[in-house]
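**Q** So you can see what is in the structure, the chains are spelled out below.
Number of protein chains: 2
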Amino acid sequence: MAKQKKNALGVTRAEDYSKWYLEVVKMAELAENSPVRGCMTIKPWGLGIWENIKTEFDKRFKEKGVQNAYFPLLIPLDYMQKEADHVEGFAMESAIVTHSRLEKDANGKLVPAGKLEEPFLIRPTSEMVIGEAFSRWINSYRDLPFCINQWANVMRWEGRTRPFLRTSEFLWQEGHTCHATAECADSYSRQMLEVYTDVNQDLMAIPSIPGIKSESEKFPGAVSTYTFETMTQELKALQAGTSHFLGQNFAKSLNITFQSEEGKEEHVWTTSWGVSTRQIGGLIATHSDDDGLVLPPRVAPSHIVIIPMLKNKEKAEAVLDYCENLKKELGELAYYGRAIDVVIDKSDSNSRAWDWVRKGIPLRLEIGAKELEANSVFMARRDKDAKDKVSMDKAQFVEQVKLILDDMHENLLAKAEKLILDNTKHIDTKEEFYKFFAKDEEGAKAPGFALTHWNGDAELEAKIKEDLGVTIRCLPFAEAGKVGKCAFTGEPSKQRALFARAY
Amino acid sequence: MAKQKKNALGVTRAEDYSKWYLEVVKMAELAENSPVRGCMTIKPWGLGIWENIKTEFDKRFKEKGVQNAYFPLLIPLDYMQKEADHVEGFAMESAIVTHSRLEKDANGKLVPAGKLEEPFLIRPTSEMVIGEAFSRWINSYRDLPFCINQWANVMRWEGRTRPFLRTSEFLWQEGHTCHATAECADSYSRQMLEVYTDVNQDLMAIPSIPGIKSESEKFPGAVSTYTFETMTQELKALQAGTSHFLGQNFAKSLNITFQSEEGKEEHVWTTSWGVSTRQIGGLIATHSDDDGLVLPPRVAPSHIVIIPMLKNKEKAEAVLDYCENLKKELGELAYYGRAIDVVIDKSDSNSRAWDWVRKGIPLRLEIGAKELEANSVFMARRDKDAKDKVSMDKAQFVEQVKLILDDMHENLLAKAEKLILDNTKHIDTKEEFYKFFAKDEEGAKAPGFALTHWNGDAELEAKIKEDLGVTIRCLPFAEAGKVGKCAFTGEPSKQRALFARAY
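Protein chains in written order, with this note's numbering: chain A, 289 to 791; chain B, 289 to 791.
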């Protein structure tokens with residue numbers, strides 16, 4: 289490996305955070321722009337991460353009694369008409385299908401033909417369609433709870449896009465559930481938020497602050513919106529996913545009823561909850577450094593790269609055999625539900641080591657004639673400095689590899705937790721609050737999170753947003769019941785709210 | 289369980305095969321029609337089957353060095369313009385996106401707005417887009433073979449649709465690979481066909497006849513199209529999936545080149561291969577009976593249903609405990625890569641047993657006070673007559689359950705193999721051939737498959753198709769090299785071709 293980091297990213301977080309983010313995505317080969325405005329192509333390394341995220345969520349959803357189904361990509365316009373609230377929300381900027389055929393014009397150019405009587409839109413969500421199905425599928429209290437999830441692609445044209453964080457097409461899951469009582473539904477939506485925060489912590493080493501949205505920030509039509517907010521290294525908040533308790537609002541507008549145990553016709557109580565490929569944006573923003581992507585081991589598509597050092601031509605074959613055997617040995621170990629995945633990089637590129645650093649692979653082993661002779665490995669951990677390499681006995685390495693991976697996970701989690709802790713302030717006066725969030729230059733780092741008492745007034749909330757570009761990210765569960773005085777008015781406050789700049 | 293089959297399907301295969309097929313889909317709750325023309329909603333039981341199919345294929349693709357990626361849903365029209373052949377093939381009947389927004393008109397009705405300068409079509413395939421990426425991603429012989437797969441939804445408006453067998457939107461995988469030589473590419477496309485036939489046989493108990501398509505039937509632009517054909521109980525052929533060796537045709541039109549080991553710029557050799565939710569159509573058509581769906585155990589979303597018989601109220605709780613314990617015990621066993629999945633149906637419906645028969649669940653256990661007392665289970669296998677139930681010691685059942693499931697798999701496979709064997713004739717004269725395939729009534733059963741020598745002439749092939757509605761499904765690999773005389777002209781024939789009516 290070259291001493292000088294000639295191959296590292298050409299930009300640091302401190303220099304230009306936005307450019308750095310794009311460079312991490314590019315150099316780790318996670319995704320690239322596509323010819324369709326705002327839509328990305330997810331490359332194998334990026335999709336591998338998504339597959340691991342998906343597998344873990346899917347397993348935990350199923351443990352909660354969720355069944356997967358698949359609904360059509362296209363939605364008739366009149367379905368959207370039914371729910372004006374939602375349409376205003378995000379369905380307006382949709383991809384509209386108006387024609388059913390291509391024809392060649394006089395010049396042989398392909399042009400739309402076969403105009404449809406009723407246009408369709410590409411789903412920005414399947415909420416309406418799933419609700420309509422519920423109204424037919426659910427009959428009795430015996431059918432409840434009824435829990436459906438869909439893994440699918442959705443589209444909403446976005447103005448300013450950024451890979452994974454905001455794209456016009458994205459992959460997501462949307463869960464929709466029906467319950468017999470308000471308590472069951474509300475409790476279920478909280479449980480799903482817990483699934484989200486658990487997977488973020490256990491799989492991706494991402495700590496988050498779960499809580500409830502203020503009235504102004506909640507999902508249109510929801511009784512309560514639960515959210516979990518993570519902190520990027522730019523010290524902004526990222527809404528990583530939400531879970532909504534929808535009361536009977538949705539059931540009433542779509543007429544989803546059931547016969548209760550007492551034989552009465554009642555409306556169900558519903559929830560919905562979703563996370564998307566934005567989770568990968570959160571992963572990048574939480575862990576990556578100036579050398580590129582850093583992947584917590586449990587979510588990494590591959591855990592280990594072996595770089596055979598073949599300068600000694602006589603020993604080359606033996607070194608390769610040694611690497612292959614090690615790969616096989618490691619592949620027999622299961623770590624966090626799947627076999628340890630090892631790549632052997634046989635390319636003759638000089639930048640092999642740095643290529644893998646930038647891709648964020650957890651462990652890098654450099655193995656040459658010296659290691660062969662000593663029956664050892666030369667190891668670098670992605671969570672430590674790239675030059676910080678140690679020699680280890682091979683058998684000992686195999687024996688300890690799972691512990692090493694776990695240690696990396698804990699280390700990354702602790703680092704991310706420290707970032708939140710170090711950058712979250714209890715602020716108790718308006719003056720201090722306004723000073724803390726004083727408007728700064730475009731692209732500059734945000735000051736962090738403020739936990740501040742607030743009287744619950746939406747107008748005050750709007751004023752703060754207008755003055756500072758700062759929003760209430762959530763009323764953290766951890767602060768519930770800890771009453772105080774509003775920092776802005778001196779009025780009573782039920783609990784501290786989490787204020788921050790956000791994506 | 290009621291003696292009389294009052295809850296079985298209302299129609300038999302013999303009475304009306306098409307209606308029977310729809311009834312199987314409906315009563316097994318696999319899918320339902322959606323409000324979008326030709327598009328279905330895949331219900332949990334149907335999607336569970338697809339998830340198992342997908343998991344098994346994905347595992348075997350990865351063993352062949354395939355990496356998954358995700359490309360955008362929308363394709364700019366000018367991408368399609370590039371490849372006139374393909375456009376003529378199936379892209380003409382596409383869903384065309386022409387607008388980017390909804391607006392409310394004077395009456396508050398939602399109408400398309402924001403006309404796009406260049407329309408998009410919803411992918412009927414991602415071939416062009418993936419090829420364009422290859423032209424940028426591949427540089428050197430060291431990058432080869434380069435093997436990409438995508439799991440995604442695609443759309444092609446279809447006139448006459450049938451759930452799973454032919455739908456306007458469907459789920460599929462498309463694999464695209466690049467190789468340094470013709471031999472490598474051709475061999476790879478054959479290997480992928482083998483993956484297809486292996487998974488069909490090992491997972492779904494579906495035997496198939498693999499072979500090569502005739503020139504007339506092959507994919508436009510392919511050098512060779514490999515296919516595997518299965519036989520439905522209507523004795524028609526179903527093309528279950530294809531794998532294409534595309535030579536350099538595709539690489540030349542999209543300019544996918546690499547620098548060879550000798551330093552020369554050369555075009556790559558490509559393959560493509562795909563299977564879709566049509567596989568579920570094949571599964572239904574192969575195994576189901578007049579009582580509904582029959583699921584081979586390895587592909588079934590759940591393996592076993594336990595039906596607690598709770599007439600004896602005093603023992604009810606103990607019986608339920610017994611069932612729960614059994615479920616837990618079985619859930620600790622892994623069968624074909626996943627835990628044995630057990631459902632306990634506690635509903636009070638009288639039709640529980642028949643509901644599960646129609647859903648095709650492999651094993652049905654009825655457990656009441658009698659079984660509790662005897663420490664036994666009362667078991668019915670879906671591959672046998674519904675009334676054919678046996679009592680078994682519980683411990684013995686748990687010990688043998690995997691063998692029982694394997695036996696069911698083998699039994700279903702043997703039955704399907706026998707259907708092909710019994711209904712495939714060697715036919716050696718034109719007269720006999722025309723008699724065999726004499727045109728029959730709409731909806732009637734086909735006569736089966738004919739293995740017949742043919743001189744390789746496309747006009748003769750077209751004439752047969754015109755006269756009888758019979759096509760060459762493939763030139764079976766098993767017949768390769770077995771020369772003979774053309775049944776129609778007496779000319780030399782290189783091998784027998786497989787003729788049949790097809791979907």
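The set of hints was computed from the structure by calculation and includes no laboratory data. There could be a bad hint or two in this list.
One copy or two, either will do: identical chains are not told apart, so a pair holds if it fits within one copy or between any two.
Quick list of in silico lysine to any residue cross-link-like pairs, SDA-like style, CA-CA up to 25 angstroms [stated by the list, open to error]:
no. : residue 1 : residue 2
1   : Lys347    : Pro433
2   : Lys347    : Ser541
3   : Lys682    : Thr449
4   : Lys314    : Glu446
5   : Lys615    : Ala440
6   : Lys672    : Met380
7   : Lys392    : Leu404
8   : Lys599    : Ser548
9   : Lys347    : Lys616
10  : Lys352    : Val631
11  : Lys342    : Asn441
12  : Lys713    : Pro332
13  : Lys599    : His555
14  : Lys350    : Arg430
15  : Lys397    : Leu701
16  : Lys751    : Ser548
17  : Lys352    : Glu754
18  : Lys403    : Ser388
19  : Lys782    : Ser635
20  : Lys347    : Met667
21  : Lys342    : Gly757
22  : Lys314    : Gly656
23  : Lys727    : Asn441
24  : Lys397    : Pro407
25  : Lys347    : Asp633
26  : Lys352    : Glu605
27  : Lys616    : Pro433
28  : Lys751    : Gly326
29  : Lys723    : Asn699
**Q** Next, verify each hint and record whether it holds.
**A** Results for each hint:
1. Lys347 <-> Pro433: Answer is within: at 18 angstroms inside a copy they meet the 25 angstroms cutoff, but 33 angstroms across does not.
2. Lys347 <-> Ser541: neither (32 angstroms within a copy, 43 angstroms between copies)
3. Lys682 <-> Thr449: Cα proximity of Lys682 and Thr449: none, with 46 angstroms in one copy and 59 angstroms across.
4. Lys314 <-> Glu446: Result: close within a single copy only, 21 angstroms intra versus 39 angstroms inter.
5. Lys615 <-> Ala440: neither (35 angstroms within a copy, 32 angstroms between copies)
6. Lys672 <-> Met380: neither (47 angstroms within a copy, 54 angstroms between copies)
7. Lys392 <-> Leu404: both (18 angstroms within a copy, 19 angstroms between copies)
8. Lys599 <-> Ser548: Classified as between: cross-chain Cα gap 23 angstroms, same-chain 76 angstroms, threshold 25 angstroms.
9. Lys347 <-> Lys616: Intra 27 angstroms, inter 17 angstroms, cutoff 25 angstroms: inter-copy only.
10. Lys352 <-> Val631: between (35 angstroms within a copy, 15 angstroms between copies)
11. Lys342 <-> Asn441: For Lys342 and Asn441, the Cα distance is within 25 angstroms both inside one copy (13 angstroms) and across copies (17 angstroms).
12. Lys713 <-> Pro332: Classified as neither; 40 angstroms inside a copy, 47 angstroms across copies.
13. Lys599 <-> His555: neither (73 angstroms within a copy, 32 angstroms between copies)
14. Lys350 <-> Arg430: within (19 angstroms within a copy, 42 angstroms between copies)
15. Lys397 <-> Leu701: Neither, since 55 angstroms and 50 angstroms both go past 25 angstroms.
16. Lys751 <-> Ser548: So Lys751 and Ser548 fail the 25 angstroms test inside a copy (46 angstroms) and across (64 angstroms) alike.
17. Lys352 <-> Glu754: Neither: 41 angstroms inside a copy, 56 angstroms across copies.
18. Lys403 <-> Ser388: both (6 angstroms within a copy, 16 angstroms between copies)
19. Lys782 <-> Ser635: The answer is neither: 61 angstroms in one copy and 45 angstroms across copies each exceed 25 angstroms.
20. Lys347 <-> Met667: neither (33 angstroms within a copy, 29 angstroms between copies)
21. Lys342 <-> Gly757: neither (33 angstroms within a copy, 46 angstroms between copies)
22. Lys314 <-> Gly656: Intra 30 angstroms, inter 62 angstroms, cutoff 25 angstroms: neither.
23. Lys727 <-> Asn441: So Lys727 and Asn441 fail the 25 angstroms test inside a copy (37 angstroms) and across (45 angstroms) alike.
24. Lys397 <-> Pro407: Both: 23 angstroms inside a chain and 12 angstroms across chains, each within 25 angstroms.
25. Lys347 <-> Asp633: between (32 angstroms within a copy, 22 angstroms between copies)
26. Lys352 <-> Glu605: Intra 51 angstroms, inter 24 angstroms, cutoff 25 angstroms: inter-copy only.
27. Lys616 <-> Pro433: Classified as between: cross-chain Cα gap 22 angstroms, same-chain 45 angstroms, threshold 25 angstroms.
28. Lys751 <-> Gly326: Result: close neither inside a copy nor across copies, 32 angstroms intra and 51 angstroms inter.
29. Lys723 <-> Asn699: For Lys723 and Asn699, neither the intra-copy (33 angstroms) nor the inter-copy (76 angstroms) Cα distance is at most 25 angstroms.
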